[in-house]
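Q: Note that the protein sequences, when read in sequence, are chains B and X. Going left to right, the first sequence walks through residues 631 to 964 as the numbering used here numbers them. Going left to right, the second sequence walks through residues 631 to 964 as the numbering used here numbers them.
No false leads were slipped in.
One side of the interface only, derived from the structure: several residues of chain B facing chain X at Cβ under 8 Å:
(1) 643
(2) 717
(3) 726
(4) 733
(5) 767
(6) 768
(7) 771
(8) 949
(9) 950
These aren't lab readings, by the way, just hints derived from the structure by calculation. Where a beta carbon is used, it is the ideal one built from N, C-alpha and C, also for glycine.
Each chain, letter by letter, is given below.
2 protein chains.
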Amino acid sequence: MLVLEIEDIKTLISKIGYKEFYLELIKTMEEDYSAWESFDKCPRVANHVDGGVIELMPISNDTLYSFKYVNGHPKNPTQHKMTVMATGQLSLTKTGEPLMFTEMTLLTALRTAANSAMAAKYLAKKDSRILTLIGTGAQSEFQYLAFSYIFDLKEVRYYDTDPKAMEKFATNMSQYNILLTPCKDAYEATQGADIVTTCTADKRYQTVLTKDMIQKDVFINALGGDCPGKTELQKELVEESTVVVEFLEQAKIEGEIQQLSSSFTCTEIYEIIRGEKQLNVATHGTIIFDSVGFALEDYSVLRLIYNLAQKNNIGKEMNLIPKLNDVKNLFSLL
Amino acid sequence: MLVLEIEDIKTLISKIGYKEFYLELIKTMEEDYSAWESFDKCPRVANHVDGGVIELMPISNDTLYSFKYVNGHPKNPTQHKMTVMATGQLSLTKTGEPLMFTEMTLLTALRTAANSAMAAKYLAKKDSRILTLIGTGAQSEFQYLAFSYIFDLKEVRYYDTDPKAMEKFATNMSQYNILLTPCKDAYEATQGADIVTTCTADKRYQTVLTKDMIQKDVFINALGGDCPGKTELQKELVEESTVVVEFLEQAKIEGEIQQLSSSFTCTEIYEIIRGEKQLNVATHGTIIFDSVGFALEDYSVLRLIYNLAQKNNIGKEMNLIPKLNDVKNLFSLL
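Start from the sequences and build out the full structure, keeping to the hints where you can.
A: Structure representation (structure tokens):
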């Protein structure tokens, strides 16, 4: 069984290059979303614990099975621990044999950003120039990079309740040729935006973004409302916009639309990717991608990483699965 | 994060000794079962795939969270792969931080046998001498060993539809001072038995054990009926015996009792361990432990192994979880 550590992911991506990696990941996700019906899907399995949530996200088709372990503990930074940490495994469906175990904290940040950019490619205005980030935590730079490969961005406007997170973002971003506009609040950050990503960590009903902040039609990439009792957008804003989700059954439990009636229904992103429905801010006004993070995105990044790791001979083969001449003789191992 | 390979488990157990390990594991399970209400429990999450099933088994209390990945593919041996393969992870509940990833194929065999012996300690006759094993696959020797530390066994009667599996069992067992009686069918194997373990792999409704085979009161440890559509005992035998399960909600989906009415109810093993109910074959006649394998047993073996691995400095520390001075600066890793 192949095991990939953080350095292995770093090595792989630097070999391939950021842009190529993101574009390849978006392509892989589009392939998998297009095969929507071939997947055995379920909402993730959550243990709600004091101070956070711990989740398992399984998915499979005829070829591969994947799961991710991921936590969300908003108070972790006060103990110098990350809010979100993740690991994941890929297996063969036909035999159940595990192929790879890997770090997934980095991979989650990468796949989340790729998923955002993929959705925006279809739903945002083609000539989107101004990106707003509300929340400049661990996900923020990944978001910028992924969008920058799809759109000709001119400005990033950003705001976080934590000034240190804003400074960190500015420092990391200084290497890129883009106008950086720190803002004093979400209202200021949203002015003139073509794309707004909300990505905050508090596990409660919030109104990070309200109707009055939105002064022109915009693509809202709502990432942080991703757990029962955890939303970011004002209910009226959700009601008055066109909403697209990843997987309706899960989004109703975890997404912004948990604020709406349980009979609410909307477009799922696979319909957009397959061209069965066409939606764009230019023609349909403000669109919210109510993204909660779905197991299919993990499946995509795991199968891509596994292929790349094999091709580039990266990772450590470890003896985690018994190899036996007589498979019924497990006892011989001891 | 600590990673344990198969050799690490082997090293640990040979350091401690089989008997001590099994007894310690039984003690750990008893502690955890006794704290039943403190656990956040759910039936396992199953992806039913062509040729088998792939499952995730999460559980948590205030201190630790664990999950196991496990498959069951009865046709795997024809491709020289094991029917059951497993991996598992242990995390801290308060922060979600993963502590350990480990092989769990061996650990599953060990914890299943320990769980059987633990239940038998309470439910079987104290003077049980004859153990019958129907199915001598990967689990069989583990079963014998665990029972041998609790009961003064004099004979093991055994049967498997695969003669090679019976030969393998006999070879592995030759090191122990016990009368071995190979039998030509399940009927012959069951004669005179005090304890019967059924552990077969076919994913279908079977009647490995029927009412007419049982000629005296016996403790039936029914392991192999552990999946929807997969049972081993004749319905009438289940109806006429006293049934004990691990976790009623899951047993109704997966256990022998899936054959009974959905309103069926029975004792859960934690009630026995806490002494809230007393049941024994000597006083209550035939008792079936309708064991499907519950996440709590994995939790117990994972927390025991983690403690032992730390104490004995075993396993490999790997860089699977980012360690950052500024926890919001995940981007600095790339």
